[in-house]
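Colleague: One letter stands for each residue in the lines below.
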Amino acid sequence: MRTFTYERAASPQAAAQAVAGTPGAKFIAGGTNLLDLMKLEVETPTHLVDVNRLTLADVADTPEGGLRIGALVRNSALAAHPRVRRDYAVLSRALLAGASGQLRNKATTAGNLLQRTRCLYFYDTSKPCNKRAPGSGCSALQGFNRMHAVLGTSEDCIAAHPSDMAVAMRALDATVETVRPDGTERAIPIGAFYRLPGNTPNVETALASGEMITAVTLPPPPPGRQVYRKVRDRASYAFALVSVAAVVQAVGGKIRSAKLAFGGVGAQPWRVPAAEAALQGATADPAAFDAAADAVLAGGRGYGHNDFKLPLARRTLAAVLAGTTRA
Amino acid sequence: MSKETGGRVPLTRRQALEAGAAVAILGRVQPGAAQTTAGVPTMTVSFTVNGRPETLTVDTRTTLLDALREHLDVTGPKKGCDHGQCGACTVLLDGKRINACLSLAVMHEGQSVTTIEGLAQGDQLHPMQAAFVHHDGYQCGYCTPGQIVSAVGMLGEHKAGWPSYVTDDLATGPTLSEAEIRERMSGNLCRCSAYPNIVDAIREVAGGAS
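Order-wise, the sequence lines are chains A and B.
Be aware that the first sequence starts at 1, since it is given in this note's numbering, and climbs by one per residue.
Be aware that the second sequence starts at 1, since it is given in this note's numbering, and climbs by one per residue.
Incorrect hints may have been included.
What the hints assert, rightly or not - If you anchor each label on the Cβ, the simulated ranges turn out as follows:
hint : chain 1 : residue 1 : chain 2 : residue 2 : range
1    : A       : Gly299    : B       : Thr55     : 52 to 60 Å
2    : B       : Pro41     : A       : Ser11     : 22 to 30 Å
3    : B       : Thr48     : A       : Gln280    : 56 to 64 Å
To be verified - One side of the interface only, derived from the structure: several residues of chain A facing chain B at Cβ under 10 Å:
hint : residue
4    : Lys26
5    : Ile28
6    : Thr32
7    : Leu35
8    : Ala77
Stated by the list, open to error - Chain A stretches covered by chain B per the calculated footprint, using a threshold of three residues with CB under 8 Å from any CB of chain B:
hint : stretch
9    : 3-9
10   : 79-88
11   : 95-109
If you are wondering where the hints come from, they were derived from the structure by calculation, not from laboratory data.
Even for Gly, the Cβ is constructed at its ideal location relative to N, Cα and C.
Excised from the complex, chain B in its bound form:
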């Protein structure tokens, strides 16, 4: 950014970072077009992302997370540990939450992926997004897309009657107590430790869920 531009720069932080990095490395901005290297095995795969059909030809090594972020410019799912330990990359695969970093894009032919970008209805936030805002369920925000998608998937699992490690009676679906929420969300880490507010947000959406 030069001095001449003066006042406000109409760029988001992401756009500014992307532009800076791309100019530094490539000399041009080329979103959504990560390159494959000549001579390495590639495959074409089709799946839907947030309801939109996508077809990609990728290096077979491409994880679902990298396909989303580097090929489709769907950057809501975050790369934290890249080893399934932090949950920042959580997406819904055919409605069930998984770590997008521990899956290959080519394994998902014909499947449906939902990311944080796919939860809102237009300008209407998903109730879980609204609850995270209301309860201040984040500090730096890096883990937040994964937390919210994981929480949505977790409520679906609870609604289906799935027990958890802290469920007393395996025969009956438990009430979503704080202990249940904390156990069921243990795959999502927050280094800012916003856990109390995250739990409050999820409890609000879960409401009287039992």
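Isolated chain A, as found in the complex:
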């Protein structure tokens, strides 16, 4: 690990100023991903701004009937929160599907949103990687790419976004609240929060230098059944090959509404409005599920080892839709 200086932030704005004003500085909250990467010198911050003491760990009801989740709420606390379990079960399930008990006790809401890909070549500093070292090339394109993305990829990067939590938040239409170094705040819809890799895979989010996440807000709970289905190599403690976060309302065999987001397959948590529109009003049958999958997977492509993800995503979606529309 490279050397770094360290400070504890006194306020969110002070934290934002400290990171914006110090070259090579980074925020540290739970640290479970950042320290892992620092040990391998994939991340080499020269200064860490510890935000753990900030009072951003509350979960509170919003006046609109939604939920405001502080940036520092630990993944385990959020999964166990009574309101999340009752009204946003897909989020609770997604959190519980990720990592281990120890990691969930440390990992934060904001940190989970910002976690980096687990692409083997991103982690291996002896190999080219455009995300880690822009312009050096992508080793995964011709490499061992079984875990990689099939949607939203580019010729410069095919890394998959690793989060489960963010997939559920994408289905729930979450909004990411931030504070900037000048003290101004903004709210970014999660659909606009992540950036596709294109030819700058090192730029992963819409956050500006020093801009810090303070909270994630959820709108009032959507009607329907909520499911998080995760397909992985082990029964526990493994990243998704394919996951589906779904909120589906069906009456008498007809689908009234469907919100669907996908993990393990995309360069970012994946959601396709056209697929949801195709399901609205449709009879819940295999033909409708297949048509929805066509829309979700449009433009998708495998890179060899991960070709299986396209049919696997189709089958997983069909299973989720069959389960959520059953009488």
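Knowing the structure of chain A, use the given hints to seat chain B on it.
Modeller: For chain B alone, kept in the frame of chain A given last:
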């Protein structure tokens, strides 16, 4: 160890290893005093370890695990993978289980750390320790301190009503079935695969927990 010492050597395996390594590298034994390198950023941090207040000045890079093991000679938490994948370093931080390898010592000012060394009451083993002995919940033993501390933390989480990935109904606290225990303990690996006995030990302590 020379021939002259003859019969029994009154050293534990750890003491023998430490003495051997220290003599080989440093020429002297100096427990509990890992050195910092001149010119690198250091910080002073205070926290309690197993109820005892400790103050350390460490290289900012020092993980909580290394602070415990190399600075405080609290060697129960083990360094397995050093990347949060194996759980051998599990400690309780303010009562909640975490991977000590994925945290910086300087992040824990004023906090309370409990390791395997802090579970027993004098000579009285913690019930989870006694159950691991009774059920032979280990083979080589390297993962055992992490398994036991993790199991203690896990029972606290269950008692607080936390659900798990395999919990059917998120609204009600589940009974600690074998499936629940296995899911909740998935962050602790055992390369000897003593899992069946580990699960038996935890079930015994959990008793009728529901």
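Colleague: Mind listing which of the numbered hints don't hold for this structure, in increasing order?
Modeller: 4
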